[in-house]
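Novice: My request is simple: use the sequences and hints to build the entire structure.
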Amino acid sequence: MENYKKGAALSVAATVAGKVFSFISSLLLAFYFGATVKTDIYFYLILICAVITGWLSSINVSLVLPEFMHQREKSLNSAFNLANCFLYIYAAAALIFCTAAYFFPAQILGFISAFSPAETAQAGNLMFLSCVYFFSYFIMSYLISLSESFRLFGIYFLTPLNTLLPLLALLAFKNLEAMFLGYISAYWIQILFCLYILRRKTGWIFKPGRPELNRKFLLNFAYSQPSAFAWAAVLYAPIFMISSTQAGMVSAVNYSRMLSDSPTDILTSKVNNVAKVKFTCEAAKNQFEQMAQTIIKTDKFNMLLLVPFCVFTCMFAEDIIIMFFKRGGFTLQDAHNTAKFLAMLIMAVPFIGLNNNISNTFAALRIIKEITPRYLVLALVFTAFFIAGVKYYGAYAYPVLFLAMYAVMTLMNIITLRRFAPFIPYGRHIFWVIKMITVSFLCAAAAKAIFAFYEGNVFIKIFINGSFFVAVNAAVLYWAGELSGFKKLMGAKWKFR
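Sequential numbering from 21 applies to the sequence shown in the working numbering.
In short, the hints are calculated from the structure, not lab data.
No residue lacks a Cβ here, since even glycine has one placed at the ideal position from N, Cα and C.
Hints are supplied without guarantee of correctness; some may be wrong.
The following label-pair restraints were derived from C-beta to C-beta distances [to be verified]: (1) F117 x K411: 28 to 34 Å; (2) I387 x W499: 36 to 42 Å; (3) A491 x A111: 22 to 28 Å; (4) Q142 x K411: 22 to 28 Å; (5) V490 x Y416: 25 to 31 Å; (6) A242 x K411: 29 to 35 Å; (7) E197 x A424: 32 to 38 Å.
Calculated lysine-lysine pairs in the DSS-like style (CA-CA distance at most 25 Å, straight line) [claimed, not checked]: (8) K468 x K481; (9) K411 x K360; (10) K227 x K94; (11) K468 x K360; (12) K58 x K360; (13) K236 x K94; (14) K94 x K305; (15) K346 x K468; (16) K320 x K227; (17) K305 x K236; (18) K346 x K455; (19) K58 x K194; (20) K317 x K455; (21) K411 x K58; (22) K455 x K468; (23) K94 x K221; (24) K481 x K360; (25) K346 x K360; (26) K305 x K317; (27) K194 x K346; (28) K221 x K305; (29) K346 x K58.
Specialist: The following block contains the structure:
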(Lines of atoms letter the chains of each structure in order from A and count residues from 1; the text may use other names and numbers.)
(Lines give C-alpha, C1' and ligand atoms only; values in the text may rest on other atoms or scores of the structure.)
Protein backbone atom coordinates (compact mmCIF):
# COMPACT_ATOMS: atom_id res chain seq x y z
CA MET A 1 0.00 0.00 0.00
CA GLU A 2 2.90 2.34 0.77
CA ASN A 3 4.05 2.29 -2.87
CA TYR A 4 0.58 3.33 -4.02
CA LYS A 5 0.47 6.20 -1.50
CA LYS A 6 3.86 7.43 -2.68
CA GLY A 7 2.74 7.11 -6.29
CA ALA A 8 -0.42 9.10 -5.60
CA ALA A 9 1.52 11.77 -3.70
CA LEU A 10 4.09 12.08 -6.50
CA SER A 11 1.36 12.23 -9.13
CA VAL A 12 -0.54 14.95 -7.28
CA ALA A 13 2.61 16.97 -6.57
CA ALA A 14 3.71 16.85 -10.22
CA THR A 15 0.24 17.82 -11.39
CA VAL A 16 0.09 20.75 -8.95
CA ALA A 17 3.36 22.04 -10.39
CA GLY A 18 1.94 21.62 -13.88
CA LYS A 19 -1.28 23.40 -12.94
CA VAL A 20 0.68 26.43 -11.76
CA PHE A 21 2.10 26.78 -15.28
CA SER A 22 -1.33 26.09 -16.78
CA PHE A 23 -2.92 28.78 -14.64
CA ILE A 24 -0.31 31.33 -15.71
CA SER A 25 -1.00 30.36 -19.33
CA SER A 26 -4.73 30.89 -18.78
CA LEU A 27 -4.11 34.37 -17.39
CA LEU A 28 -1.91 35.24 -20.35
CA LEU A 29 -4.43 33.89 -22.86
CA ALA A 30 -7.17 35.99 -21.29
CA PHE A 31 -4.89 39.04 -21.21
CA TYR A 32 -3.57 38.72 -24.77
CA PHE A 33 -6.68 37.48 -26.58
CA GLY A 34 -9.74 37.83 -24.30
CA ALA A 35 -12.73 35.98 -25.76
CA THR A 36 -12.76 36.28 -29.57
CA VAL A 37 -13.59 34.15 -32.59
CA LYS A 38 -10.02 32.86 -32.88
CA THR A 39 -9.88 31.90 -29.20
CA ASP A 40 -13.29 30.26 -29.67
CA ILE A 41 -11.84 28.04 -32.43
CA TYR A 42 -8.68 27.27 -30.44
CA PHE A 43 -10.63 26.38 -27.30
CA TYR A 44 -13.24 24.48 -29.33
CA LEU A 45 -10.53 22.24 -30.75
CA ILE A 46 -9.06 21.71 -27.28
CA LEU A 47 -12.50 20.75 -25.91
CA ILE A 48 -13.26 18.39 -28.81
CA CYS A 49 -9.89 16.70 -28.36
CA ALA A 50 -10.76 16.22 -24.68
CA VAL A 51 -14.12 14.67 -25.63
CA ILE A 52 -12.57 12.23 -28.10
CA THR A 53 -9.78 11.41 -25.65
CA GLY A 54 -12.37 10.59 -23.01
CA TRP A 55 -14.15 8.27 -25.42
CA LEU A 56 -11.06 6.44 -26.65
CA SER A 57 -9.42 6.37 -23.22
CA SER A 58 -12.34 4.28 -22.03
CA ILE A 59 -10.98 1.54 -24.31
CA ASN A 60 -7.69 1.66 -22.44
CA VAL A 61 -9.02 2.17 -18.91
CA SER A 62 -12.03 -0.14 -19.07
CA LEU A 63 -10.76 -2.84 -21.42
CA VAL A 64 -7.12 -2.95 -22.46
CA LEU A 65 -5.45 -2.20 -19.13
CA PRO A 66 -7.55 -4.61 -16.99
CA GLU A 67 -7.11 -7.36 -19.62
CA PHE A 68 -3.39 -6.58 -19.77
CA MET A 69 -3.09 -6.98 -15.99
CA HIS A 70 -5.10 -10.20 -15.98
CA GLN A 71 -2.98 -11.68 -18.78
CA ARG A 72 0.20 -10.55 -17.03
CA GLU A 73 -0.69 -12.79 -14.09
CA LYS A 74 -0.40 -15.76 -16.48
CA SER A 75 2.10 -14.76 -19.17
CA LEU A 76 4.16 -11.58 -19.52
CA ASN A 77 4.75 -12.14 -23.25
CA SER A 78 1.02 -12.52 -23.87
CA ALA A 79 0.38 -9.23 -22.05
CA PHE A 80 3.10 -7.49 -24.08
CA ASN A 81 1.57 -8.71 -27.34
CA LEU A 82 -1.81 -7.29 -26.33
CA ALA A 83 -0.36 -3.89 -25.41
CA ASN A 84 1.80 -3.73 -28.56
CA CYS A 85 -1.19 -4.52 -30.76
CA PHE A 86 -3.13 -1.51 -29.53
CA LEU A 87 -0.04 0.73 -29.59
CA TYR A 88 0.47 0.06 -33.30
CA ILE A 89 -3.23 0.49 -34.05
CA TYR A 90 -3.15 3.92 -32.37
CA ALA A 91 0.02 4.90 -34.26
CA ALA A 92 -1.54 3.91 -37.62
CA ALA A 93 -4.72 5.88 -36.84
CA ALA A 94 -2.59 8.92 -35.93
CA LEU A 95 -0.79 8.81 -39.28
CA ILE A 96 -4.04 8.56 -41.27
CA PHE A 97 -5.99 11.29 -39.48
CA CYS A 98 -3.10 13.75 -39.18
CA THR A 99 -2.45 13.41 -42.91
CA ALA A 100 -6.12 14.13 -43.65
CA ALA A 101 -6.05 17.17 -41.34
CA TYR A 102 -2.95 18.49 -43.10
CA PHE A 103 -4.53 18.42 -46.57
CA PHE A 104 -8.16 19.26 -45.67
CA PRO A 105 -8.08 21.36 -42.46
CA ALA A 106 -10.86 23.84 -43.24
CA GLN A 107 -13.21 21.15 -44.52
CA ILE A 108 -12.75 18.99 -41.43
CA LEU A 109 -13.18 21.94 -39.05
CA GLY A 110 -16.32 22.99 -40.91
CA PHE A 111 -17.69 19.45 -40.57
CA ILE A 112 -17.09 19.09 -36.82
CA SER A 113 -18.20 22.60 -35.80
CA ALA A 114 -20.81 25.26 -36.50
CA PHE A 115 -18.32 28.04 -37.24
CA SER A 116 -18.84 29.96 -40.49
CA PRO A 117 -16.82 29.10 -43.64
CA ALA A 118 -14.95 32.41 -43.37
CA GLU A 119 -13.89 31.55 -39.81
CA THR A 120 -12.82 27.98 -40.58
CA ALA A 121 -10.83 29.09 -43.64
CA GLN A 122 -8.53 31.13 -41.37
CA ALA A 123 -7.91 28.32 -38.89
CA GLY A 124 -6.27 25.62 -41.01
CA ASN A 125 -3.04 25.55 -39.00
CA LEU A 126 -4.96 25.20 -35.75
CA MET A 127 -6.92 22.24 -37.13
CA PHE A 128 -3.84 20.32 -38.21
CA LEU A 129 -1.91 21.06 -35.03
CA SER A 130 -4.88 20.04 -32.89
CA CYS A 131 -4.94 16.65 -34.62
CA VAL A 132 -1.24 16.07 -33.91
CA TYR A 133 -1.82 17.35 -30.36
CA PHE A 134 -4.67 14.88 -29.81
CA PHE A 135 -2.88 11.76 -30.99
CA SER A 136 0.33 12.70 -29.18
CA TYR A 137 -1.60 13.10 -25.94
CA PHE A 138 -3.59 9.91 -26.41
CA ILE A 139 -0.54 7.74 -27.11
CA MET A 140 1.31 9.33 -24.19
CA SER A 141 -1.63 8.60 -21.85
CA TYR A 142 -1.74 4.99 -23.03
CA LEU A 143 1.96 4.47 -22.32
CA ILE A 144 1.67 6.17 -18.93
CA SER A 145 -1.20 3.82 -18.00
CA LEU A 146 0.96 0.84 -18.89
CA SER A 147 3.82 2.27 -16.82
CA GLU A 148 1.46 2.80 -13.87
CA SER A 149 0.45 -0.87 -14.02
CA PHE A 150 4.09 -1.74 -13.24
CA ARG A 151 4.15 0.91 -10.48
CA LEU A 152 6.71 2.96 -12.42
CA PHE A 153 5.48 6.18 -10.85
CA GLY A 154 8.71 8.07 -11.58
CA ILE A 155 7.21 9.06 -14.93
CA TYR A 156 5.17 11.69 -13.06
CA PHE A 157 8.26 13.89 -12.76
CA LEU A 158 7.75 14.91 -16.38
CA THR A 159 4.07 15.87 -15.95
CA PRO A 160 4.80 19.61 -15.44
CA LEU A 161 6.22 19.74 -18.98
CA ASN A 162 2.64 19.42 -20.27
CA THR A 163 1.99 23.00 -19.22
CA LEU A 164 5.49 24.47 -18.89
CA LEU A 165 6.45 24.09 -22.55
CA PRO A 166 3.16 25.60 -23.88
CA LEU A 167 3.64 28.51 -21.46
CA LEU A 168 7.18 29.14 -22.70
CA ALA A 169 5.97 28.92 -26.30
CA LEU A 170 3.19 31.44 -25.60
CA LEU A 171 5.61 33.86 -23.95
CA ALA A 172 8.08 33.54 -26.81
CA PHE A 173 5.71 33.80 -29.79
CA LYS A 174 2.42 35.18 -28.40
CA ASN A 175 0.21 33.13 -30.72
CA LEU A 176 -2.09 30.16 -30.35
CA GLU A 177 -0.27 27.94 -32.83
CA ALA A 178 2.83 28.06 -30.61
CA MET A 179 0.75 26.75 -27.71
CA PHE A 180 -0.06 23.60 -29.67
CA LEU A 181 3.60 23.11 -30.55
CA GLY A 182 4.50 23.39 -26.87
CA TYR A 183 1.96 20.73 -25.94
CA ILE A 184 3.12 18.38 -28.70
CA SER A 185 6.77 18.72 -27.67
CA ALA A 186 5.95 17.90 -24.05
CA TYR A 187 3.92 14.83 -25.00
CA TRP A 188 6.64 13.40 -27.22
CA ILE A 189 9.28 13.82 -24.53
CA GLN A 190 7.09 11.68 -22.27
CA ILE A 191 6.31 9.15 -24.99
CA LEU A 192 10.00 8.53 -25.54
CA PHE A 193 10.68 8.36 -21.81
CA CYS A 194 7.86 5.85 -21.26
CA LEU A 195 9.20 3.64 -24.05
CA TYR A 196 12.66 3.82 -22.48
CA ILE A 197 11.58 3.09 -18.91
CA LEU A 198 9.27 0.24 -19.94
CA ARG A 199 12.07 -1.35 -21.94
CA ARG A 200 14.61 -0.92 -19.15
CA LYS A 201 12.48 -1.84 -16.12
CA THR A 202 10.29 -4.60 -17.55
CA GLY A 203 12.26 -5.99 -20.48
CA TRP A 204 9.46 -4.95 -22.82
CA ILE A 205 10.02 -5.86 -26.45
CA PHE A 206 8.07 -3.57 -28.78
CA LYS A 207 7.78 -6.18 -31.47
CA PRO A 208 4.38 -6.82 -33.06
CA GLY A 209 2.93 -10.13 -31.98
CA ARG A 210 -0.39 -11.91 -32.15
CA PRO A 211 -2.47 -10.95 -29.11
CA GLU A 212 -4.61 -13.43 -27.23
CA LEU A 213 -8.07 -11.88 -27.26
CA ASN A 214 -10.42 -14.08 -25.27
CA ARG A 215 -14.16 -14.15 -25.79
CA LYS A 216 -14.95 -12.11 -22.66
CA PHE A 217 -12.64 -9.32 -23.78
CA LEU A 218 -14.12 -9.23 -27.28
CA LEU A 219 -17.69 -9.21 -25.94
CA ASN A 220 -16.87 -6.41 -23.49
CA PHE A 221 -15.22 -4.47 -26.31
CA ALA A 222 -18.20 -4.89 -28.63
CA TYR A 223 -20.75 -4.00 -25.97
CA SER A 224 -18.85 -1.03 -24.56
CA GLN A 225 -18.28 0.93 -27.76
CA PRO A 226 -21.88 2.00 -28.49
CA SER A 227 -22.15 3.34 -24.96
CA ALA A 228 -18.74 4.99 -25.07
CA PHE A 229 -19.57 6.61 -28.41
CA ALA A 230 -22.91 7.80 -27.05
CA TRP A 231 -21.20 9.41 -24.04
CA ALA A 232 -18.78 11.16 -26.38
CA ALA A 233 -21.83 12.48 -28.25
CA VAL A 234 -23.28 13.72 -24.96
CA LEU A 235 -20.21 15.87 -24.35
CA TYR A 236 -19.78 16.87 -28.00
CA ALA A 237 -23.36 17.96 -28.74
CA PRO A 238 -23.52 21.01 -26.41
CA ILE A 239 -20.07 22.28 -27.46
CA PHE A 240 -21.13 22.00 -31.12
CA MET A 241 -24.34 23.90 -30.37
CA ILE A 242 -22.52 26.60 -28.39
CA SER A 243 -20.12 27.17 -31.33
CA SER A 244 -23.12 28.50 -33.28
CA THR A 245 -23.96 31.13 -30.61
CA GLN A 246 -22.42 34.54 -30.07
CA ALA A 247 -18.65 35.00 -30.28
CA GLY A 248 -16.84 34.46 -27.00
CA MET A 249 -19.16 31.83 -25.51
CA VAL A 250 -16.91 28.87 -26.35
CA SER A 251 -14.04 30.80 -24.80
CA ALA A 252 -16.14 31.45 -21.69
CA VAL A 253 -16.85 27.73 -21.41
CA ASN A 254 -13.17 26.94 -21.70
CA TYR A 255 -11.98 29.55 -19.19
CA SER A 256 -14.48 28.15 -16.70
CA ARG A 257 -13.38 24.60 -17.52
CA MET A 258 -9.77 25.57 -16.85
CA LEU A 259 -10.77 26.20 -13.25
CA SER A 260 -13.44 23.52 -12.82
CA ASP A 261 -11.25 20.78 -14.32
CA SER A 262 -8.31 21.62 -12.07
CA PRO A 263 -9.48 19.60 -9.03
CA THR A 264 -10.07 16.56 -11.26
CA ASP A 265 -6.73 16.94 -13.03
CA ILE A 266 -4.76 17.64 -9.84
CA LEU A 267 -6.43 15.28 -7.40
CA THR A 268 -9.15 12.83 -8.39
CA SER A 269 -7.79 11.53 -11.69
CA LYS A 270 -4.31 11.09 -10.24
CA VAL A 271 -5.41 9.44 -7.01
CA ASN A 272 -7.96 7.28 -8.83
CA ASN A 273 -5.43 6.22 -11.46
CA VAL A 274 -3.03 5.00 -8.78
CA ALA A 275 -5.82 3.40 -6.71
CA LYS A 276 -7.26 1.57 -9.72
CA VAL A 277 -3.95 -0.27 -10.15
CA LYS A 278 -4.29 -1.53 -6.58
CA PHE A 279 -7.92 -2.61 -6.67
CA THR A 280 -7.58 -4.07 -10.18
CA CYS A 281 -4.82 -6.28 -8.80
CA GLU A 282 -7.09 -7.14 -5.86
CA ALA A 283 -9.94 -8.01 -8.25
CA ALA A 284 -7.64 -10.20 -10.33
CA LYS A 285 -6.81 -12.14 -7.13
CA ASN A 286 -10.48 -12.21 -5.96
CA GLN A 287 -9.61 -10.14 -2.85
CA PHE A 288 -12.99 -8.41 -2.81
CA GLU A 289 -13.00 -7.23 0.81
CA GLN A 290 -9.67 -5.45 0.35
CA MET A 291 -10.91 -4.06 -2.96
CA ALA A 292 -13.99 -2.54 -1.29
CA GLN A 293 -11.83 -0.89 1.39
CA THR A 294 -9.52 0.59 -1.25
CA ILE A 295 -12.43 2.05 -3.22
CA ILE A 296 -14.18 3.64 -0.22
CA LYS A 297 -10.94 5.02 1.23
CA THR A 298 -10.04 6.55 -2.12
CA ASP A 299 -13.44 8.22 -2.39
CA LYS A 300 -13.34 9.58 1.16
CA PHE A 301 -9.88 11.03 0.65
CA ASN A 302 -11.02 12.76 -2.55
CA MET A 303 -14.29 14.08 -1.12
CA LEU A 304 -12.75 15.53 2.07
CA LEU A 305 -10.54 17.72 -0.11
CA LEU A 306 -12.84 18.31 -3.09
CA VAL A 307 -16.22 19.17 -1.60
CA PRO A 308 -15.24 22.29 0.43
CA PHE A 309 -13.20 23.68 -2.45
CA CYS A 310 -15.96 23.13 -5.02
CA VAL A 311 -18.72 24.55 -2.84
CA PHE A 312 -16.78 27.73 -2.05
CA THR A 313 -15.92 28.20 -5.74
CA CYS A 314 -19.60 27.78 -6.66
CA MET A 315 -20.77 30.39 -4.12
CA PHE A 316 -18.11 32.96 -5.07
CA ALA A 317 -17.69 32.14 -8.77
CA GLU A 318 -17.98 35.69 -10.12
CA ASP A 319 -15.57 37.16 -7.57
CA ILE A 320 -13.05 34.41 -8.37
CA ILE A 321 -13.29 34.99 -12.15
CA ILE A 322 -12.93 38.76 -11.75
CA MET A 323 -9.97 38.31 -9.41
CA PHE A 324 -8.08 36.05 -11.79
CA PHE A 325 -9.07 37.09 -15.32
CA LYS A 326 -10.54 40.60 -15.55
CA ARG A 327 -7.66 42.48 -17.14
CA GLY A 328 -6.30 43.22 -20.61
CA GLY A 329 -8.60 41.88 -23.33
CA PHE A 330 -10.87 40.09 -20.84
CA THR A 331 -13.89 42.35 -20.22
CA LEU A 332 -16.42 42.50 -17.37
CA GLN A 333 -19.02 40.86 -19.64
CA ASP A 334 -16.58 38.03 -20.32
CA ALA A 335 -16.24 37.63 -16.54
CA HIS A 336 -20.03 37.46 -16.06
CA ASN A 337 -20.37 34.84 -18.80
CA THR A 338 -17.52 32.71 -17.46
CA ALA A 339 -18.78 32.85 -13.85
CA LYS A 340 -22.21 31.54 -14.86
CA PHE A 341 -20.58 28.47 -16.38
CA LEU A 342 -18.14 27.99 -13.51
CA ALA A 343 -20.75 27.98 -10.73
CA MET A 344 -22.46 24.88 -12.14
CA LEU A 345 -19.49 23.09 -13.67
CA ILE A 346 -17.50 23.12 -10.43
CA MET A 347 -20.30 21.33 -8.54
CA ALA A 348 -20.14 18.46 -11.02
CA VAL A 349 -16.53 17.76 -9.97
CA PRO A 350 -17.32 15.65 -6.84
CA PHE A 351 -19.77 13.55 -8.86
CA ILE A 352 -17.18 13.12 -11.63
CA GLY A 353 -14.70 11.86 -9.05
CA LEU A 354 -17.20 9.35 -7.69
CA ASN A 355 -18.20 8.15 -11.14
CA ASN A 356 -14.60 7.75 -12.31
CA ASN A 357 -13.84 5.53 -9.35
CA ILE A 358 -16.96 3.44 -9.96
CA SER A 359 -16.13 3.12 -13.67
CA ASN A 360 -12.68 1.85 -12.70
CA THR A 361 -14.43 -0.62 -10.39
CA PHE A 362 -16.58 -1.98 -13.22
CA ALA A 363 -13.47 -2.28 -15.40
CA ALA A 364 -11.56 -4.12 -12.65
CA LEU A 365 -14.45 -6.58 -12.25
CA ARG A 366 -14.77 -6.88 -16.05
CA ILE A 367 -18.53 -6.39 -16.09
CA ILE A 368 -18.67 -3.97 -19.03
CA LYS A 369 -21.09 -6.02 -21.16
CA GLU A 370 -23.61 -6.38 -18.33
CA ILE A 371 -23.92 -2.64 -17.62
CA THR A 372 -23.69 -1.16 -21.12
CA PRO A 373 -27.41 -1.00 -22.12
CA ARG A 374 -28.49 1.23 -19.21
CA TYR A 375 -25.66 3.70 -19.80
CA LEU A 376 -26.36 3.79 -23.51
CA VAL A 377 -29.97 4.83 -22.80
CA LEU A 378 -28.84 7.49 -20.31
CA ALA A 379 -26.36 8.89 -22.83
CA LEU A 380 -28.95 9.11 -25.60
CA VAL A 381 -31.45 10.85 -23.31
CA PHE A 382 -28.96 13.51 -22.21
CA THR A 383 -27.71 14.06 -25.75
CA ALA A 384 -31.26 15.05 -26.67
CA PHE A 385 -31.51 17.22 -23.55
CA PHE A 386 -28.28 19.06 -24.40
CA ILE A 387 -29.28 19.75 -27.99
CA ALA A 388 -32.77 20.97 -27.06
CA GLY A 389 -31.56 22.84 -23.97
CA VAL A 390 -28.87 24.88 -25.73
CA LYS A 391 -31.10 25.46 -28.77
CA TYR A 392 -34.09 26.81 -26.83
CA TYR A 393 -32.54 28.18 -23.63
CA GLY A 394 -29.10 29.25 -24.79
CA ALA A 395 -25.56 28.35 -23.82
CA TYR A 396 -26.23 28.57 -20.07
CA ALA A 397 -28.39 25.44 -20.24
CA TYR A 398 -25.18 23.50 -20.81
CA PRO A 399 -23.64 23.69 -17.28
CA VAL A 400 -27.01 23.02 -15.61
CA LEU A 401 -27.57 19.87 -17.66
CA PHE A 402 -23.92 18.88 -17.22
CA LEU A 403 -24.34 18.87 -13.43
CA ALA A 404 -27.69 17.06 -13.67
CA MET A 405 -26.17 14.40 -15.91
CA TYR A 406 -23.41 13.49 -13.47
CA ALA A 407 -25.80 13.52 -10.52
CA VAL A 408 -28.15 11.10 -12.31
CA MET A 409 -25.18 8.98 -13.38
CA THR A 410 -24.04 8.72 -9.75
CA LEU A 411 -27.46 7.46 -8.71
CA MET A 412 -27.48 4.91 -11.54
CA ASN A 413 -23.96 3.77 -10.62
CA ILE A 414 -24.98 3.15 -7.01
CA ILE A 415 -27.92 1.01 -8.17
CA THR A 416 -25.62 -0.88 -10.53
CA LEU A 417 -23.05 -1.48 -7.80
CA ARG A 418 -25.71 -2.93 -5.49
CA ARG A 419 -26.48 -5.52 -8.16
CA PHE A 420 -23.01 -6.43 -9.46
CA ALA A 421 -20.76 -5.57 -6.50
CA PRO A 422 -22.88 -5.84 -3.32
CA PHE A 423 -19.73 -6.28 -1.23
CA ILE A 424 -19.02 -2.52 -1.64
CA PRO A 425 -21.05 -0.48 0.95
CA TYR A 426 -21.65 2.43 -1.43
CA GLY A 427 -25.14 3.32 -0.23
CA ARG A 428 -23.86 4.50 3.17
CA HIS A 429 -20.95 6.21 1.50
CA ILE A 430 -23.10 8.39 -0.78
CA PHE A 431 -25.14 9.63 2.19
CA TRP A 432 -21.87 10.67 3.79
CA VAL A 433 -20.98 12.62 0.61
CA ILE A 434 -24.36 14.40 0.63
CA LYS A 435 -23.82 15.36 4.25
CA MET A 436 -20.40 16.81 3.36
CA ILE A 437 -21.89 18.90 0.53
CA THR A 438 -24.72 20.19 2.73
CA VAL A 439 -22.39 21.24 5.55
CA SER A 440 -20.06 23.04 3.13
CA PHE A 441 -22.94 24.96 1.51
CA LEU A 442 -24.21 26.08 4.93
CA CYS A 443 -20.72 27.31 5.87
CA ALA A 444 -20.29 29.15 2.54
CA ALA A 445 -23.76 30.73 2.84
CA ALA A 446 -22.92 31.90 6.35
CA ALA A 447 -19.68 33.51 5.11
CA LYS A 448 -21.49 35.25 2.27
CA ALA A 449 -24.23 36.57 4.56
CA ILE A 450 -21.94 37.78 7.35
CA PHE A 451 -19.54 39.63 5.05
CA ALA A 452 -22.13 40.85 2.53
CA PHE A 453 -21.43 44.43 3.60
CA TYR A 454 -17.92 44.39 2.12
CA GLU A 455 -17.73 45.25 -1.60
CA GLY A 456 -14.17 46.56 -1.75
CA ASN A 457 -11.07 44.98 -3.25
CA VAL A 458 -11.97 41.56 -4.66
CA PHE A 459 -8.74 39.97 -3.38
CA ILE A 460 -9.53 41.05 0.18
CA LYS A 461 -13.15 39.96 -0.23
CA ILE A 462 -12.13 36.44 -1.27
CA PHE A 463 -9.55 36.26 1.51
CA ILE A 464 -12.02 37.29 4.23
CA ASN A 465 -14.81 35.00 3.07
CA GLY A 466 -12.41 32.15 2.36
CA SER A 467 -10.72 32.37 5.77
CA PHE A 468 -14.06 32.32 7.56
CA PHE A 469 -15.33 29.44 5.43
CA VAL A 470 -12.22 27.31 5.98
CA ALA A 471 -12.23 27.95 9.74
CA VAL A 472 -15.93 27.14 10.21
CA ASN A 473 -15.88 24.15 7.88
CA ALA A 474 -12.80 22.71 9.61
CA ALA A 475 -14.41 23.22 13.01
CA VAL A 476 -17.54 21.34 11.94
CA LEU A 477 -15.48 18.49 10.47
CA TYR A 478 -13.39 18.34 13.66
CA TRP A 479 -16.52 18.23 15.81
CA ALA A 480 -17.96 15.44 13.61
CA GLY A 481 -14.73 13.44 13.87
CA GLU A 482 -14.01 13.62 10.14
CA LEU A 483 -10.53 15.08 10.59
CA SER A 484 -9.51 12.03 12.58
CA GLY A 485 -10.80 9.89 9.75
CA PHE A 486 -8.78 11.97 7.30
CA LYS A 487 -5.67 11.39 9.42
CA LYS A 488 -6.18 7.63 9.11
CA LEU A 489 -6.60 7.87 5.35
CA MET A 490 -3.37 9.83 5.06
CA GLY A 491 -1.53 7.52 7.42
CA ALA A 492 -0.28 10.63 9.25
CA LYS A 493 1.45 10.68 12.63
CA TRP A 494 -0.16 13.85 14.02
CA LYS A 495 -3.11 13.55 16.38
CA PHE A 496 -6.49 15.13 17.08
CA ARG A 497 -8.14 14.99 20.48
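Novice: Compare the structure with each hint and give your call.
Specialist: Structure-based check of all given hints:
| no. | hint | verdict |
| --- | --- | --- |
| 1 | F117 x K411: 28 to 34 Å | holds, 30 Å |
| 2 | I387 x W499: 36 to 42 Å | holds, 40 Å |
| 3 | A491 x A111: 22 to 28 Å | violated, 53 Å |
| 4 | Q142 x K411: 22 to 28 Å | holds, 27 Å |
| 5 | V490 x Y416: 25 to 31 Å | holds, 30 Å |
| 6 | A242 x K411: 29 to 35 Å | holds, 33 Å |
| 7 | E197 x A424: 32 to 38 Å | holds, 37 Å |
| 8 | K468 x K481 | holds, 10 Å |
| 9 | K411 x K360 | holds, 18 Å |
| 10 | K227 x K94 | holds, 20 Å |
| 11 | K468 x K360 | holds, 18 Å |
| 12 | K58 x K360 | holds, 22 Å |
| 13 | K236 x K94 | holds, 16 Å |
| 14 | K94 x K305 | holds, 12 Å |
| 15 | K346 x K468 | holds, 22 Å |
| 16 | K320 x K227 | violated, 42 Å |
| 17 | K305 x K236 | holds, 18 Å |
| 18 | K346 x K455 | violated, 35 Å |
| 19 | K58 x K194 | holds, 13 Å |
| 20 | K317 x K455 | holds, 17 Å |
| 21 | K411 x K58 | holds, 23 Å |
| 22 | K455 x K468 | holds, 20 Å |
| 23 | K94 x K221 | holds, 19 Å |
| 24 | K481 x K360 | holds, 19 Å |
| 25 | K346 x K360 | holds, 15 Å |
| 26 | K305 x K317 | holds, 20 Å |
| 27 | K194 x K346 | holds, 19 Å |
| 28 | K221 x K305 | holds, 24 Å |
| 29 | K346 x K58 | holds, 19 Å |
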